[in-house]
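Q: Which chain is which? The protein sequence lines are F and G, in order. Note that the numbering used here numbers the first sequence so that position 23 is 23, with each residue one more than the last. Count along the second sequence starting at 1, add 54, and that's the number in the numbering used here.
Worth flagging that the hints you see were computed from the coordinates, not collected in a lab. Certain hints may be false.
Stated by the list, open to error - Pairs of lysine to aspartate or glutamate, DMTMM-like flavour, derived with a Cα cap of 25 angstroms:
id, chain 1, residue 1, chain 2, residue 2
1, G, 297, F, 10
2, G, 157, G, 232
3, G, 150, F, 21
4, G, 233, G, 197
5, G, 233, F, 49
6, G, 290, F, 49
7, G, 297, G, 232
8, G, 150, F, 49
Quick caveat, the model's predicted, so the values are computed rather than measured.
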Amino acid sequence: MIATGKTKQEVVAARLTANYDNRVPGGTRPLPAGLGTSADRFVGNLYDELNTKQ
Amino acid sequence: MHSEKVNFKAGPCGILALISLSMFCVLDTTRAQAPVIPFASIEIITTQLTPHFYALTGTSNTDPGHPEAAGGRVGVLVGEDGVFMVDGSYAPLSEKIAAAIRKISPKPIRFLVNTHEHPDHTGGNPNFARMGAIVIARQETRDALAQPLPPAVAAAIGNAALNNDSARLPVLTCNLTDKIRFYFDDETIDLLPVVPCHTNGDLMIRFEKADVIMIGDFYRNYGYPFVDPSHGGTYKGVIDGRKYAQ
Chain F
1 MIATGKTKQE VVAARLTANY DNRVPGGTRP LPAGLGTSAD RFVGNLYDEL NTKQ
Chain G
55 MHSEKVNFKA GPCGILALIS LSMFCVLDTT RAQAPVIPFA SIEIITTQLT PHFYALTGTS
115 NTDPGHPEAA GGRVGVLVGE DGVFMVDGSY APLSEKIAAA IRKISPKPIR FLVNTHEHPD
175 HTGGNPNFAR MGAIVIARQE TRDALAQPLP PAVAAAIGNA ALNNDSARLP VLTCNLTDKI
235 RFYFDDETID LLPVVPCHTN GDLMIRFEKA DVIMIGDFYR NYGYPFVDPS HGGTYKGVID
295 GRKYAQ
């Protein structure tokens, strides 16, 4: 998705982890609380790390 | 004091297996949205894992970032040589943790190893150092701890009074390529520096005979894998670092 030019917001919005979110405790908590690692935070951080290497 | 290798008396080896004693870091200091933790209501629960190894945890459902166990888990090895601790939890829990340890052993706390820099693992450093413990960590962890927390975050986790306390800093450090082995009582303890994963200063602690490995926040059983990029963590390291926990 990065290679195709998707932005971080677009990648997060794609909900790539949706099939797992309800199976991961705390996976669906909203980001602002900063508690645990939500799906959005996980995907967002992963995007940042991979995008740096592009 | 700075040393890269420590050896004490010899002891036997045991079979290794992974017991996940994940400890949670919930405070992303870059976001500075610290949870309110009711420290006064937290009690310390002691679980004996082996004849000489214990896990200390706080009451469940009291710490928003550690639903299962407030403050994460503290590892405690006890024996004739004294007490060997892994991680110091939050500063306001130090007295309760020390009291729980005293119920296990009257011996002094001799060593406290930090798995990484986050305050739910290092907040108690100055308190335990004053009790006589030698605090050990990665050099990267010491470097990070040398930078005080943002005041609001320190206050929220009950760490304000100790935020600039020099006793919070590890006095014995190691780097990524160092291998430190303790021979402590009848146990062999390996400190295993890990490539940048949760942070850039992660350290796993393997108790060979007890068959326990404490991996800090390398793995958490709450939320997706937690990497702290603001402190050098990488997901690549999480993948590459799996070998350290095997």
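Q: Work down the list of hints and note, for each, if the structure agrees.
A: A quick look at each hint next to the structure:
| no. | hint | result |
| --- | --- | --- |
| 1 | G:297 to F:10 | violated (33 angstroms) |
| 2 | G:157 to G:232 | violated (34 angstroms) |
| 3 | G:150 to F:21 | violated (35 angstroms) |
| 4 | G:233 to G:197 | holds (19 angstroms) |
| 5 | G:233 to F:49 | violated (29 angstroms) |
| 6 | G:290 to F:49 | holds (9 angstroms) |
| 7 | G:297 to G:232 | holds (16 angstroms) |
| 8 | G:150 to F:49 | violated (39 angstroms) |
Comparing the model with each numbered hint stated earlier shows that hints 1, 2, 3, 5 and 8 do not hold.
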